[in-house]
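Visitor: Here is what each chain is made of, one letter per residue.
2 protein chains.
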Amino acid sequence: MKLGSRRVYSGRIITVDIDEVRFPDGSVGELEMVRHPGASAVVPFVSDASSDDPQILLIKQYRHAANDFIYEIPAGKLDGGEDPKVCAERELREETGCTAERIEHLYTFYTTPGFTDERIHAFMATGLKHGESAREHDEFMSLETVTLSHALELIQRGELKDAKSALAILFVAGFRLGK
Amino acid sequence: MKLGSRRVYSGRIITVDIDEVRFPDGSVGELEMVRHPGASAVVPFVSDASSDDPQILLIKQYRHAANDFIYEIPAGKLDGGEDPKVCAERELREETGCTAERIEHLYTFYTTPGFTDERIHAFMATGLKHGESAREHDEFMSLETVTLSHALELIQRGELKDAKSALAILFVAGFRLGK
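These protein sequence lines map, in sequence, to chains A and B.
Basically my numbering = 1-based index in the first sequence + 304.
Basically my numbering = 1-based index in the second sequence + 304.
Since the hints were derived computationally from the structure, they do not count as laboratory data.
Computed from a predicted structure; not experimentally measured.
Possibly wrong hints are sitting among the right ones.
Each pair may be met inside one copy or between any two copies, as identical chains are not told apart.
Claimed, not checked - Straight-line alpha carbon distances no greater than 30 Å define the calculated DSSO-like cross-link-like pairs of lysine-lysine that follow:
# : residue 1 : residue 2
1 : K433      : K306
2 : K306      : K483
3 : K306      : K364
4 : K381      : K433
5 : K433      : K389
6 : K483      : K433
7 : K381      : K306
8 : K364      : K433
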């Protein structure tokens, strides 16, 4: 239970608080906590998700944290209390230029609860349509269409290194599509 | 590419830097980056991993970020450049009281690369032996032995909410054990 909090950093996306916390045994201590508004992520199916080996869209984007281009699924933070499903639709449109007939919730998880309250809401998108503003690529980001089996291979080989993306893909493959 | 950096917060586990970054198109901007030493996590098999539905150990621990007790696998941060496998062995021993005959690397991933450089190295541990110091539970943490199929159900139902744990369990179930 939080007894108090002092803000030690307030930034563009995150803030850092030192929380005074009462632990389950009644003791009191301080914990540093990176506060994040939360985010949505979406596995976009460009072919019938129920087919043998459906195709999905991956983004390859430059991430300073990795000092490299890494594979991810479309994702982004919730804007000011935004509904996670609306956020997933918006990020899908902004990052791929696509709209979806259906966006279904898969799974919501804490990214790394040892030091941040960030939760990511993972969705799957089906019935994709390219809009006029389809963003094919720029200097930071390119789109790749891959089969689900290839995406799973990228995870198995450790080449798809982003946790939210790997988790959402494994979740949909195992629990929705039975692959 | 990092051009410069200024530290805005230096804490117990994390530090926060504002990095000046040259992006792939040559433009320059600032990014906030939570620096973390990295961590290891381990899926501990308490019965033969090759059996039909092997048993694993889960930890249920209080996390202030979730304001609740949540399911996780044993994990913890790398101590001063520690080898990830050594860290996995140490955290397994400290959190469960067990040693393992074999610790095998599964997968290394970025937890949430939009704002932190934290990477987690996931392992599986087999041939577990209880040590004398076996920690059964305390006020913050309890151990539960569950079947792998039950752990997968907890993920599917959204009750196991920790990304590293869900990802490591899905990875080992799908790619090592073919379940």
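Visitor: First find the shortest C-alpha distance between K306 and K483 inside one copy, then the shortest across copies, and answer within, between, both or neither for a cut-off of 30 Å.
Guide: Cα proximity of K306 and K483: none, with 42 Å in one copy and 41 Å across.
Visitor: Is it within, between, both or neither when you check K364 against K433 at 30 Å Cα-Cα?
Guide: within (20 Å within a copy, 43 Å between copies)
Visitor: I want to check one pair: K381 and K433. Are their C-alpha atoms no more than 30 Å apart within a copy, between two copies, both, or neither?
Guide: within (23 Å within a copy, 43 Å between copies)
Visitor: How would you classify K433 and K306 at a CA-CA limit of 30 Å: within, between, both, or neither?
Guide: Neither: 46 Å inside a chain and 38 Å across chains, both beyond 30 Å.
Visitor: Indicate which option fits the pair K483, K433 if close means a Cα-Cα distance not exceeding 30 Å: within, between, both or neither.
Guide: Answer is within: at 25 Å inside a copy they meet the 30 Å cutoff, but 34 Å across does not.
Visitor: Reference check for the pair K433 and K389, CA-CA at most 30 Å: within, between, both, or neither?
Guide: Cα proximity of K433 and K389: one copy only (17 Å, versus 45 Å across).
Visitor: At most 30 Å between C-alpha atoms: does K306 with K364 qualify within a copy, between copies, both, or neither?
Guide: between (39 Å within a copy, 20 Å between copies)
Visitor: Is it within a copy, between copies, both, or neither that the alpha carbon of K381 lies no farther than 30 Å from that of K306?
Guide: both (25 Å within a copy, 24 Å between copies)
The earlier numbered hints that this structure contradicts are 1, 2.
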